[in-house]
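Novice: Below, each chain spelled out in residue letters.
There are 2 protein chains.
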Amino acid sequence: MKRFAAVVAYDGTDFFGFQVQPDRRTVQGSLEEALAKIHKEEVRTDAAGRTDTGVHGFGQVIAFNSGLERLSPETMKDALNANLPDDIYVRKVYEVPREFSPRFHAKKRIYHYYILNAPEPDLFKKRYTWWFPYEIDIELIRKGASFLLGEHDFAAFRTGRDDRTTIRTITNIRVLRTRKSIVLIRVEGISFLRRMVRNIVGTLVRVGSGNLHPEAVKTILESKDRSMLPSSAPAQGLVLYKVLFDEFET
Amino acid sequence: MKRFAAVVAYDGTDFFGFQVQPDRRTVQGSLEEALAKIHKEEVRTDAAGRTDTGVHGFGQVIAFNSGLERLSPETMKDALNANLPDDIYVRKVYEVPREFSPRFHAKKRIYHYYILNAPEPDLFKKRYTWWFPYEIDIELIRKGASFLLGEHDFAAFRTGRDDRTTIRTITNIRVLRTRKSIVLIRVEGISFLRRMVRNIVGTLVRVGSGNLHPEAVKTILESKDRSMLPSSAPAQGLVLYKVLFDEFET
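For the record, the sequence lines run as chains R and X. Note that full-length UniProt numbering gives residue 163 to position 163 of the first sequence, counting from 1, and the numbers run on in steps of one. Note that full-length UniProt numbering gives residue 213 to position 213 of the second sequence, counting from 1, and the numbers run on in steps of one.
Just so you know, these hints were derived from the structure itself, not from any lab. Idealized CB from N, CA, C, for every residue including glycine. Careful: at least some of the hints might be erroneous.
Short, incomplete list of chain R residues facing chain X, as computed with Cβ under 10 Å [unchecked claim]:
hint	residue
1	Tyr10
2	His56
3	Asn81
4	Asp87
5	Ile88
6	Tyr94
7	Leu116
8	Glu120
9	Pro121
10	Asp122
11	Lys126
12	Ile167
BS3-like, lysine-lysine: derived pairs with alpha carbons at most 27 Å apart [what the hints assert, rightly or not]:
hint	chain 1	residue 1	chain 2	residue 2
13	X	Lys242	R	Lys126
14	X	Lys77	R	Lys92
15	R	Lys40	R	Lys92
16	R	Lys126	X	Lys77
17	R	Lys180	X	Lys40
18	X	Lys125	R	Lys242
19	R	Lys77	X	Lys77
20	R	Lys125	X	Lys126
21	X	Lys125	R	Lys92
22	X	Lys125	R	Lys126
23	X	Lys92	R	Lys126
24	X	Lys125	R	Lys77
25	R	Lys180	X	Lys125
26	R	Lys242	X	Lys180
27	X	Lys242	R	Lys125
28	R	Lys37	X	Lys126
29	R	Lys125	X	Lys77
30	R	Lys180	X	Lys126
31	R	Lys180	X	Lys77
32	X	Lys180	X	Lys242
33	R	Lys126	X	Lys180
34	R	Lys242	X	Lys126
35	X	Lys92	R	Lys125
36	X	Lys180	R	Lys77
37	R	Lys180	X	Lys180
38	R	Lys126	X	Lys126
39	R	Lys125	X	Lys218
40	R	Lys125	X	Lys224
Between the sequences and the hints, there should be enough to build the whole structure, so can you do that?
Specialist: Structure below.
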């Protein structure tokens, strides 16, 4: 028995999220279907993160056991891509130790959030950006983001109640205007609560547009109260960009 | 009666081309449906160019007569966008003289062709680029393109036989690496034969990859013989980018 890890990109638009659900088209479901075709038996996958409906993956990492011992990682990659639908692409495959867990061994998770900050919408970008037509001041966002760095109780920034502890660590937030009309908010942390990145971005964008004072981010954080949050940023701007491991290069 | 011109963007992926066809989803058909809802009667449109199935528009120009004399161009724009599907967006609306013809009054048409020139495919770009994984030399493309500038008989670069004359004028071809992995071929001319831009790009890319000598472009052009052509570049990389008029700014 071999264990493989795969770095997976997907366009989340036409999936009901990452996680397998009966009778729904999900990314994990499609990956397991492709693996079943290759292995002629059921293959279960573990993943580094669950992305919600409409959220994209560029560097999602999955792992699975395989009885096909003669297959090299490169051949497994090609076999997967030959059996996957058009909106999923396996970028890399590695052989990993039997005990490897993409969820528990992840050192860092990096999310990218893309905002189209322009007076007019752009239909060529709408699948992958949040169109926000009001002026955004990058410096205000940076100031607001600074209150979130480090270890905090992020209870105010979660949606749902499925996590035992709401303490998380954000290691870095970068805010860049990558092109004239595109603002990228890059959030780096060890792990995240459900919807935490979209809730953070929703808040920071209102800071950038002047609707919320940067210090309000601190107040919301310390309140631990979700009812103070501005609305969440929409799913389509979010990408699980990279997950870092000691075991291999993603 | 007023006459309006509109600058229209569309994602061609899910359309059977621009031109109205019975029982097919076309861009023109969708525009005329939206106009019919606004006007409560049939409204016919003229267009600057017909794009094939899968080809996109950023600056397509249409014109139509309207009995809604009180509607300003800005209100017409909003009414159209409120009634159009997600993959069409009207960027601008102008009032134009009654005799205005987008087809016959166009001074220049500019097409953009986007190539993803990278070893791996990118599913976030696949709707709008041609993935060409072999190395491309921009200078070779420029050299090949130089033979096409000016007025020539482009019979060798057409597909189909619906045009009376095959003499056309190309005013400019620019070849740029806009990002590390994106090559843009921008073709500017007065008007074009059917599939002419995709046939030109298909040829030039083979020049860029070293499969065809730059001088071969001249040989193909002078042969007036389509059977010498390399295969056409695929539809999804092509955008009708801009059409220039004296009457207004597009």
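Novice: Against this structure, judge whether each hint is valid.
Specialist: Okay, the hints, checked on the actual structure:
1. At a threshold of 10 Å, the smallest CB-CB gap from tyrosine 10 of chain R to chain X is about 7 Å, leaving the interface hint in force.
2. Because the beta carbon of histidine 56 of chain R sits about 7 Å from the nearest beta carbon in chain X, less than 10 Å, this interface hint is met.
3. The restraint placing asparagine 81 of chain R at the interface with chain X holds, with a minimum CB-CB distance near 9 Å, inside the 10 Å limit.
4. With a least beta-carbon distance of about 6 Å to chain X, the hint placing aspartate 87 of chain R at the interface is held under the 10 Å criterion.
5. The interface hint given for isoleucine 88 of chain R holds, since its Cβ lies 7 Å from the closest Cβ of chain X, which is under the 10 Å cut-off.
6. For the restraint placing tyrosine 94 of chain R at the interface with chain X, the shortest Cβ-Cβ distance is roughly 16 Å, beyond the 10 Å limit, so the hint is violated.
7. This hint is violated: leucine 116 of chain R has a C-beta 13 Å from the nearest C-beta of chain X, more than the 10 Å allowed.
8. For glutamate 120 of chain R, the interface hint holds, the least distance from its beta-carbon to any beta-carbon of chain X being 7 Å, beneath 10 Å.
9. Checking proline 121 of chain R against chain X by beta carbon gives a least distance of about 6 Å; that is within 10 Å, so the hint holds.
10. The interface hint given for aspartate 122 of chain R is met, as the beta carbon of that residue sits about 8 Å from the closest beta carbon of chain X, less than 10 Å.
11. For lysine 126 of chain R, the shortest C-beta to C-beta distance to chain X is roughly 7 Å, which falls under 10 Å, so the interface hint holds.
12. Because the smallest distance between the Cβ of isoleucine 167 of chain R and any Cβ of chain X comes to about 34 Å, over 10 Å, the interface hint for this residue is violated.
13. For the proposed pair lysine 242 of chain X and lysine 126 of chain R, the alpha carbon gap of about 21 Å is at most 27 Å, so the pair holds.
14. The straight-line distance between the Cα atoms of lysine 77 of chain X and lysine 92 of chain R is roughly 46 Å, outside the 27 Å bound, and the hint therefore fails.
15. Between the alpha carbons of lysine 40 of chain R and lysine 92 of chain R the distance comes to roughly 22 Å, so the proposed pair stays at or under 27 Å and holds.
16. Between lysine 126 of chain R and lysine 77 of chain X the CA atoms are separated by roughly 19 Å; this keeps the pair inside 27 Å, and the hint holds.
17. Between lysine 180 of chain R and lysine 40 of chain X, the direct Cα distance comes to roughly 40 Å. Violation of the 27 Å bound is thereby established for this hinted pair.
18. Our distance criterion of 27 Å between C-alpha atoms is met by lysine 125 of chain X and lysine 242 of chain R, whose separation comes to about 18 Å.
19. For the hint linking lysine 77 of chain R to lysine 77 of chain X, the alpha-carbon distance of about 48 Å lies beyond 27 Å, and the restraint is violated.
20. Under the criterion of a C-alpha separation no larger than 27 Å, the hint pairing lysine 125 of chain R with lysine 126 of chain X is consistent with the structure, at around 13 Å.
21. Our distance criterion of 27 Å between C-alpha atoms is met by lysine 125 of chain X and lysine 92 of chain R, whose separation comes to about 18 Å.
22. A C-alpha spacing of about 13 Å is found between lysine 125 of chain X and lysine 126 of chain R, which places the hinted pair at or below 27 Å, so the restraint holds.
23. In summary, the hint linking lysine 92 of chain X to lysine 126 of chain R is supported, as the alpha carbons are separated by about 19 Å, within the 27 Å threshold.
24. Taking the CA atoms of lysine 125 of chain X and lysine 77 of chain R, the gap is about 20 Å. The hint holds against a cut of 27 Å.
25. Restraint check for lysine 180 of chain R and lysine 125 of chain X: the C-alpha separation of about 19 Å stays at or below 27 Å, so the hint holds.
26. Taking the CA atoms of lysine 242 of chain R and lysine 180 of chain X, the gap is near 20 Å; set against the 27 Å cutoff, the hint holds.
27. For the proposed pair lysine 242 of chain X and lysine 125 of chain R, the alpha carbon gap of about 18 Å is at most 27 Å, so the pair holds.
28. A C-alpha spacing of about 25 Å is found between lysine 37 of chain R and lysine 126 of chain X, which places the hinted pair at or below 27 Å, so the restraint holds.
29. Restraint check for lysine 125 of chain R and lysine 77 of chain X: satisfied, since their Cα atoms lie roughly 20 Å apart, inside the 27 Å limit.
30. Pair hint lysine 180 of chain R plus lysine 126 of chain X holds up; C-alpha atoms about 23 Å apart against a cutoff of 27 Å.
31. At most 27 Å may separate the alpha-carbon atoms for a hinted pair to count; lysine 180 of chain R and lysine 77 of chain X meet this at roughly 25 Å.
32. At most 27 Å may separate the alpha-carbon atoms for a hinted pair to count; lysine 180 of chain X and lysine 242 of chain X meet this at roughly 24 Å.
33. Proposed proximity of lysine 126 of chain R and lysine 180 of chain X is supported: the alpha carbons are some 23 Å apart, at most 27 Å.
34. Between the alpha carbons of lysine 242 of chain R and lysine 126 of chain X the distance comes to roughly 21 Å, so the proposed pair stays at or under 27 Å and holds.
35. With a C-alpha separation of about 18 Å, the suggested pair lysine 92 of chain X and lysine 125 of chain R falls inside the 27 Å cut-off, and the hint holds.
36. As the CA atoms of lysine 180 of chain X and lysine 77 of chain R are separated by approximately 25 Å, the hinted pair is consistent with the 27 Å bound.
37. For the proposed pair lysine 180 of chain R and lysine 180 of chain X, the alpha carbon gap of about 18 Å is at most 27 Å, so the pair holds.
38. For a cut-off of 27 Å, the pair hint linking lysine 126 of chain R to lysine 126 of chain X stands: about 15 Å separates their Cα positions.
39. Using a Cα cut-off of 27 Å, the hinted pair lysine 125 of chain R and lysine 218 of chain X is violated, with the two alpha carbons roughly 38 Å apart.
40. Restraint check for lysine 125 of chain R and lysine 224 of chain X: not satisfied, since their Cα atoms lie roughly 40 Å apart, outside the 27 Å limit.
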